[in-house]
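Work the whole structure out from these sequences, hints included.
Protein chains: 2
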Amino acid sequence: MSLIVTGSIGIDTIHTPTARAENVLGGSCIYFAAAASFFSPVRVVCAVGEDFPEEHMAVFEQFKIDTQGLEKRAGSKTFRWAGKYLDNMNDRETLDTQLNVLGEDLPIVPESYRDSRNVFLANTHPAGQLALLEQFPGARLIVADTMDLWINTANDELNTLLSKIHGLVLNDSEAALLTGESNMVAASHKIIDLGPKFVVIKKGEHGCLLNHKGSMGVLHAYPALHVVDPTGAGDSFAGGMMGYLANCDDIDERAIRRALAYGTIVASFNIEAFSLQRLTEISRHDIDQRLDEYAECVRFD
Amino acid sequence: MSLIVTGSIGIDTIHTPTARAENVLGGSCIYFAAAASFFSPVRVVCAVGEDFPEEHMAVFEQFKIDTQGLEKRAGSKTFRWAGKYLDNMNDRETLDTQLNVLGEDLPIVPESYRDSRNVFLANTHPAGQLALLEQFPGARLIVADTMDLWINTANDELNTLLSKIHGLVLNDSEAALLTGESNMVAASHKIIDLGPKFVVIKKGEHGCLLNHKGSMGVLHAYPALHVVDPTGAGDSFAGGMMGYLANCDDIDERAIRRALAYGTIVASFNIEAFSLQRLTEISRHDIDQRLDEYAECVRFD
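Protein sequence lines correspond, in order, to chains E and L.
Quick note, the first sequence lines up with residues 2 to 302 if you use this note's numbering.
Quick note, the second sequence lines up with residues 2 to 302 if you use this note's numbering.
Derived from the structure by calculation, the hints contain no laboratory data.
All C-beta atoms in this analysis are idealised placements derived from N, C-alpha and C, irrespective of residue type, glycine included.
A portion of the hints provided could be inaccurate.
Simulated DEER-style distance windows between Cβ atoms [to be verified]: (1) L/Asp253 - E/Glu282: 31 to 37 angstroms; (2) E/Leu100 - L/Gly181: 35 to 41 angstroms; (3) L/Ala296 - E/Asn160: 34 to 40 angstroms; (4) E/Leu87 - L/Ala59: 45 to 51 angstroms.
And the structure:
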């Protein structure tokens with residue numbers, strides 16, 4: 002079933018305690034789309050500037066991403082981000098943000114995309130997410146991501162968004178900020194009360210927590226030994242999850258849990274190298290193999 | 002098979018953001034022993050002062066704890082601790098510590114305890130743990146806990162201890178301090194290199210990680226909605242784990258994982274009330290029932 006993601010494409014410069022990558026491909030949209038592509042064809046709605054390097058298009062091609070909705074905007078510049086990971090490889094500082102085309106009009110959704118059945122609204126201003134959501138009248142599954150900035154500055158629009166989506170994906174500090182609850186189980190219940198049928202709270206190296214209509218599920222992360230670059234972990238997690246769900250007839254709790262396990266595994270590959278590098282090297286077979294290994298890791302019967 | 006724990010008994014005063022408990026029974030030894038008692042008879046080696054309130058002995062009786070090794074030392078005072086949990090109910094500040102009897106000679110191990118087959122050396126100075134360990138010549142399973150204080154101040158003794166025990170249980174910040182690794186998978190491998198066959202790294206609300214001879218296991222914590230008092234969570238976790246293992250013929254990876262799941266569940270009950278209160282209200286049946294519920298929570302097949 003068709004899957005679409007709306008989000009950002011960026012040029013990233015990433016510093017880690019031991020290495021650095023300059024001007025590499027990044028942004029929520031490409032991490033999501035690459036991850037989802039192992040499970041389902043995927044469409045993107047995003048904008049880049051006329052400075053967007055042609056060589057990066059090879060990545061879209063490799064993952065067979067439908068780029069009809071990738072707008073190369075004349076007179077605009079591509080979003081740029083630079084960040085530095087601290088020694089724990091979990092916390093990071095933003096060194097530079099140049100919104101560029103992300104600060105302009107939303108990209109246009111091609112007419113041919115309006116029949117999309119599964120929609121992921123990657124993190125952007127909730128007013129923008131609402132405007133995009135309206136363009137997919139036939140969607141059967143709409144999931145959004147958000148962040149602290151919008152919780153703090155656009156709470157009304159965010160609440161409207163929450164009343165219109167099926168699922169929300171956010172990290173633990175954002176869930177605490179949104180609900181005022183430091184206990185993530187309590188926070189997840191409060192989010193369900195705000196509208197979504199399910200919420201996924203991401204906890205980085207600790208895994209994630211699912212609340213589906215009040216019923217809890219928890220998954221520990223894959224025990225990753227070599228973390229090179231955590232950038233895109235959350236987006237590739239969401240991509241793996243949504244890619245799997247796009248193929249499910251019923252979006253029930255069982256399907257979502259399986260989807261979260263797949264998201265966990267794709268993210269565990271993604272962090273093994275800078276940018277999209279590691280995802281370009283693996284196949285669905287590698288993902289299934291690691292999922293089996295992970296299932297062994299969490300057994301206690 | 003016989004199980005023994007050496008550790009502290011204390012009188013605690015605990016402040017949480019919403020409540021307070023004064024002069025309640027605490028200490029690693031009693032949390033461990035109460036938790037273990039659901040699975041196995043348990044012996045304790047510990048010392049209290051002559052001020053130890055007689056009413057607390059009822060708790061030992063309820064859990065059928067063998068108190069031959071509980072020394073009530075004339076002229077001494079019981080260990081006292083006061084602490085305050087922060088809003089997240091995970092971090093805490095120590096308000097007061099009165100070592101009292103814990104700062105004196107080690108308690109004497111009764112002759113009748115020297116045949117103990119399963120030994121847990123709860124957190125104390127590693128020199129003390131080494132001295133106690135020597136008194137159980139027939140032990141087939143020796144597991145120790147430690148803390149940042151000893152990693153910083155008694156590293157040589159701790160290294161000797163690590164070469165003589167089968168398992169180590171410690172929390173994530175302690176594992177990072179001990180190994181210089183912020184990645185817990187890497188830290189666990191370094192600890193295995195120091196001697197133990199297995200290490201369990203506790204991550205509080207996030208669960209735990211097992212490294213058994215290089216093979217990894219991970220368990221998310223039980224998704225607890227109502228946390229009243231986290232004191233003793235780690236000790237009741239270890240007690241549930243060791244109580245289960247005391248009944249296993251083979252201490253292999255499978256047995257340890259099952260033991261960790263039981264530890265997870267006992268700890269999840271323990272934090273639902275102050276001191277030992279919640280453990281006095283439950284039965285082995287309640288533990289098994291919640292284990293089944295937890296097993297459902299982590300499924301993704």
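Each hint tested on the structure:
1. The hint said 31 to 37 angstroms for the Cβ distance between L/Asp253 and E/Glu282, and at roughly 35 angstroms that hint holds.
2. Distance hint check: the CB atoms of E/Leu100 and L/Gly181 are about 39 angstroms apart, consistent with the given range 35 to 41 angstroms.
3. With their beta carbons about 36 angstroms apart, L/Ala296 and E/Asn160 fall inside the hinted range of 34 to 40 angstroms.
4. Under the hint 45 to 51 angstroms, the C-beta atoms of E/Leu87 and L/Ala59, about 49 angstroms apart, fit the expected range.
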